[in-house]
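If you use numbering that gives the first Met the number 0, the first sequence corresponds to residues 0 to 279, in order.
Treat each hint with caution, since some may be false.
Label-pair restraints from in silico Cβ distances [said to hold, decoys possible]:
id	residue 1	residue 2	range
1	D246	G37	36 to 46 Å
2	D55	R265	43 to 53 Å
3	R20	S264	47 to 57 Å
4	G44	G170	17 to 27 Å
Below, computed lysine-lysine pairings styled on DSS-like, alpha-carbon distance capped at 27 Å [what the hints assert, rightly or not]:
id	residue 1	residue 2
5	K147	K48
6	K48	K101
7	K89	K101
8	K86	K101
9	K119	K48
10	K48	K89
11	K86	K48
Source of the hints: derived by calculation from the structure; they are not laboratory data.
Built from N, CA and C at the ideal position, the CB exists for glycine as well.
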Amino acid sequence: MRRGLEPAMLGARIISVETRRGDIRFPFPPRFRERLAGRRVLELGRRGKHLLFRLDSGETLIAHLGMSGSFRIEDAFVGEFRHPRSKDPKHDHVVFRLDNGKSVTFNDPRRFGFMDLADKGMLDAHPRLAGLGEEPLSPEFDAARLAKLFAGARAPLKSALLDQTRIAGLGNIYVCEALFRARLSPSRPAGVLANARGGASASARALAPAIRSVLVEAIEAGGSTLRDHRQANGELGLFQHAFAVYDRDGLPCLRPRCRGTIIRSRHAGRSTFYCSVCQR
DNA sequence: AACACCCCCTGTCGGC
DNA sequence: TGCCGACAGGGGGTGT
0 MRRGLEPAML
10 GARIISVETR
20 RGDIRFPFPP
30 RFRERLAGRR
40 VLELGRRGKH
50 LLFRLDSGET
60 LIAHLGMSGS
70 FRIEDAFVGE
80 FRHPRSKDPK
90 HDHVVFRLDN
100 GKSVTFNDPR
110 RFGFMDLADK
120 GMLDAHPRLA
130 GLGEEPLSPE
140 FDAARLAKLF
150 AGARAPLKSA
160 LLDQTRIAGL
170 GNIYVCEALF
180 RARLSPSRPA
190 GVLANARGGA
200 SASARALAPA
210 IRSVLVEAIE
220 AGGSTLRDHR
230 QANGELGLFQ
240 HAFAVYDRDG
250 LPCLRPRCRG
260 TIIRSRHAGR
270 STFYCSVCQR
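With the hints as constraints, model all of the structure from the sequences given.
So, in structure tokens, the structure goes:
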């Protein structure tokens, strides 16, 4: 989503912001629209699952998509000042109008998403970001880091990898897919990533590149469209075609020569998909 | 401290 | 056709 928004938003000035209700998941921060109007977007970043819009005021807009949130770019001012008709106006909660003639609309049916503003110089200390763990796509992320993060952890790998305070950015789909690629059972205690001396185990050496490859490929594919996810340009995500296990319960394992069947189980209330034959 | 569970909200789908 | 429960990409708060 960050990549998709960049062409429309980077360097653009926000002319105005319309909020169509007082809250999404949380109330908008004080003077939300006023603090955004007139500001130029200097940089689009990301921390875990949070989008970061750095503004020329020094403040940063933080946005989280939750389960069902999305941003949509449109040409707002073609011809006379007319806005394209939304297919889902009921869930269009925030509209940004930009000085380049485009508009960016935040749509979120379930309203698990949220937006907030971080004061100048206070981004890393912001409550929503301060507790986040490592970036799995950072150059430092490797098997040794995995081992250090999870040494001694008894939680199942599945739950531990979803914990944003250790690794930030992995969701239910990509955890399932990464564990499949690493041939690791989601139920194994996360401590298996460390050996007796706290170094990287064979499991960690398999999992680190698996996490990285799943994320890189999913981003490249524009995400995964289960039902209604769209990229910012309106196109569908395509990574669902690459799922090996997610939402494939009852179907044959796709690993060559594996005769297993994909099983669906549950960890901490979330569905888990895995092959009980080749994931150990 | 670490982990599990319920809940927030809306929409969709399958079963009856 | 309609109703009802289960479930969905996340994660905050609380209880054990």
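How the hints compare with the structure:
no.: 1; hint: D246 / G37: 36 to 46 Å; verdict: holds (44 Å)
no.: 2; hint: D55 / R265: 43 to 53 Å; verdict: holds (47 Å)
no.: 3; hint: R20 / S264: 47 to 57 Å; verdict: violated (38 Å)
no.: 4; hint: G44 / G170: 17 to 27 Å; verdict: holds (19 Å)
no.: 5; hint: K147 / K48; verdict: holds (22 Å)
no.: 6; hint: K48 / K101; verdict: holds (24 Å)
no.: 7; hint: K89 / K101; verdict: holds (21 Å)
no.: 8; hint: K86 / K101; verdict: holds (17 Å)
no.: 9; hint: K119 / K48; verdict: holds (21 Å)
no.: 10; hint: K48 / K89; verdict: holds (24 Å)
no.: 11; hint: K86 / K48; verdict: holds (26 Å)
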